[in-house]
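Position chain A relative to chain D; hints supplied.
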Amino acid sequence: MRKRFEDILDICLERITRGESVELCLASYPEEAAELEPLLRVALSVTEVSSIEPRPEFKNAAKYRLLSALEAKEEKRARRRLVFWGWQRRWATVVAAVLVVILIGGSAVMASANSLPGDTLYPVKTATEKARVFLTPGDETKASLHIKFAECRLREMEALVEAERPIPAPVLSVVH
Amino acid sequence: VQGEESSIARRVQKRDPEAWGILYEEYFPKLYRYIALRVGNKAEAEDLIEQVFVKAFESIPSFRWRGVPISAWLFRIAHNQVVDHLRKATRSKTLSVGEFLGNNDAEPEAMAKRNMTIEQLAGAMGTLTQAQRDVIQLRFAGGLSTAQVAKIPGKSQGAVKALQHSALATLRRSFSSWSNNEKTL
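Residue numbers (this note's numbering), protein chains in the order written: chain D, 1 to 176; chain A, 177 to 361.
If we strip away everything but chain D, and leave its shape as in the complex, we get (with noise of 0.2 Å):
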């Protein structure tokens, strides 16, 4: 299919764009040399007319100006991520600290479940128990947690003895 002549035109301005000269464009369209060759020279005086340069000294202070505003504005953007990120690492110990409290807290509560007196978890059994009764409203209720721990101690004892271990003074006194 024939190419339009706007297409033949815009083909010829790029090349000559690009440094062809005109004669070489005009040599590929010989039928529309004729008309092509004024608009060629016309657009070649536009664009050597139109070759206005910045002064060299403006053009350097601008992209000083401009790249000084870049590197102000990114220092600003990394300050506001450190803030960011310093309160997160604040945040993120806190938690951990909590959770690592519960964690430990919740597991010594459950291993000491079972301990025997001397044992080092022993303590914290008893600590829980008194928390609990401290925790427990009402006498009646109170009152039942009191047997229901002195039946343990007794369960206690029985292991020490199986186990040929001693029983403590406090112990016994507690049962008695």
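Each hint should be verified, as a subset may be incorrect.
Claimed, not checked - If the Cβ cut is set under 7 Å, some of the chain A residues that face chain D in the computed set are:
| id | residue |
| --- | --- |
| 1 | Trp196 |
| 2 | Tyr200 |
| 3 | Ser238 |
Stated by the list, open to error - No farther apart than 25 Å at their CA atoms in a straight line, the calculated lysine-lysine pairs in the BS3-like style are these:
| id | chain 1 | residue 1 | chain 2 | residue 2 |
| --- | --- | --- | --- | --- |
| 4 | D | Lys3 | A | Lys331 |
| 5 | D | Lys3 | A | Lys327 |
| 6 | D | Lys63 | A | Lys190 |
| 7 | D | Lys76 | A | Lys231 |
| 8 | A | Lys190 | A | Lys231 |
| 9 | D | Lys73 | A | Lys190 |
| 10 | D | Lys63 | A | Lys231 |
| 11 | A | Lys218 | A | Lys206 |
| 12 | D | Lys63 | A | Lys218 |
| 13 | D | Lys59 | D | Lys73 |
| 14 | D | Lys59 | A | Lys206 |
| 15 | A | Lys190 | D | Lys76 |
| 16 | A | Lys206 | D | Lys63 |
| 17 | A | Lys190 | D | Lys59 |
| 18 | D | Lys59 | A | Lys218 |
| 19 | D | Lys59 | A | Lys231 |
| 20 | D | Lys73 | A | Lys231 |
Don't read these hints as lab results, they were simulated from the structure. Treat the numbers as computed from the prediction; the structure is a model and nothing was measured. For each residue, glycine too, the CB sits at the ideal point set by N, CA and C.
Showing chain A alone in chain D's frame:
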């Protein structure tokens, strides 16, 4: 070329100073020429070109590649800045480019010849429609292709080519009548 441009666009969006340097070197002279020819005043052109880059720097987070080249995006900013500036300006100046010559032409003869052509061009540009002037300035001062020009005023490439053709034909007629007048003098 498009791949290169999209890679620069991505880096510019991440505010990479090196990419901004490349963008600046590539487009500063083209944008300056385009603005200078439109406002016709050196000081105003210098103010406007800086504003264009500040605006580009501020609005780069909202730039979406989607096939719109960064060159078209920059020229659209420049176009809007110029339109806004001309609307506010109390006086309207077009193409009084003599003051832009500076030291570009050292030879007085060459300078006189160029001044004459500038006068011719200034007169001839006045005979174009605004749409034709936009296309000529973006194509020959801005150094954009017709595909890139089409992205700026949102016209089809075919329409830009038609405007380019009619504008060059009008300029040719103006230049011819100028040289005929010269001959009769």
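Against the structure, the hints:
{"no.": "1", "hint": "Trp196", "in the structure": "holds (6 Å)"}
{"no.": "2", "hint": "Tyr200", "in the structure": "holds (5 Å)"}
{"no.": "3", "hint": "Ser238", "in the structure": "violated (16 Å)"}
{"no.": "4", "hint": "D:Lys3 with A:Lys331", "in the structure": "holds (21 Å)"}
{"no.": "5", "hint": "D:Lys3 with A:Lys327", "in the structure": "holds (23 Å)"}
{"no.": "6", "hint": "D:Lys63 with A:Lys190", "in the structure": "holds (18 Å)"}
{"no.": "7", "hint": "D:Lys76 with A:Lys231", "in the structure": "holds (19 Å)"}
{"no.": "8", "hint": "A:Lys190 with A:Lys231", "in the structure": "holds (16 Å)"}
{"no.": "9", "hint": "D:Lys73 with A:Lys190", "in the structure": "holds (12 Å)"}
{"no.": "10", "hint": "D:Lys63 with A:Lys231", "in the structure": "holds (14 Å)"}
{"no.": "11", "hint": "A:Lys218 with A:Lys206", "in the structure": "holds (15 Å)"}
{"no.": "12", "hint": "D:Lys63 with A:Lys218", "in the structure": "holds (17 Å)"}
{"no.": "13", "hint": "D:Lys59 with D:Lys73", "in the structure": "holds (21 Å)"}
{"no.": "14", "hint": "D:Lys59 with A:Lys206", "in the structure": "holds (12 Å)"}
{"no.": "15", "hint": "A:Lys190 with D:Lys76", "in the structure": "holds (15 Å)"}
{"no.": "16", "hint": "A:Lys206 with D:Lys63", "in the structure": "holds (15 Å)"}
{"no.": "17", "hint": "A:Lys190 with D:Lys59", "in the structure": "holds (23 Å)"}
{"no.": "18", "hint": "D:Lys59 with A:Lys218", "in the structure": "holds (13 Å)"}
{"no.": "19", "hint": "D:Lys59 with A:Lys231", "in the structure": "holds (17 Å)"}
{"no.": "20", "hint": "D:Lys73 with A:Lys231", "in the structure": "holds (14 Å)"}
Hint compliance for this structure: hint 3 alone is broken.
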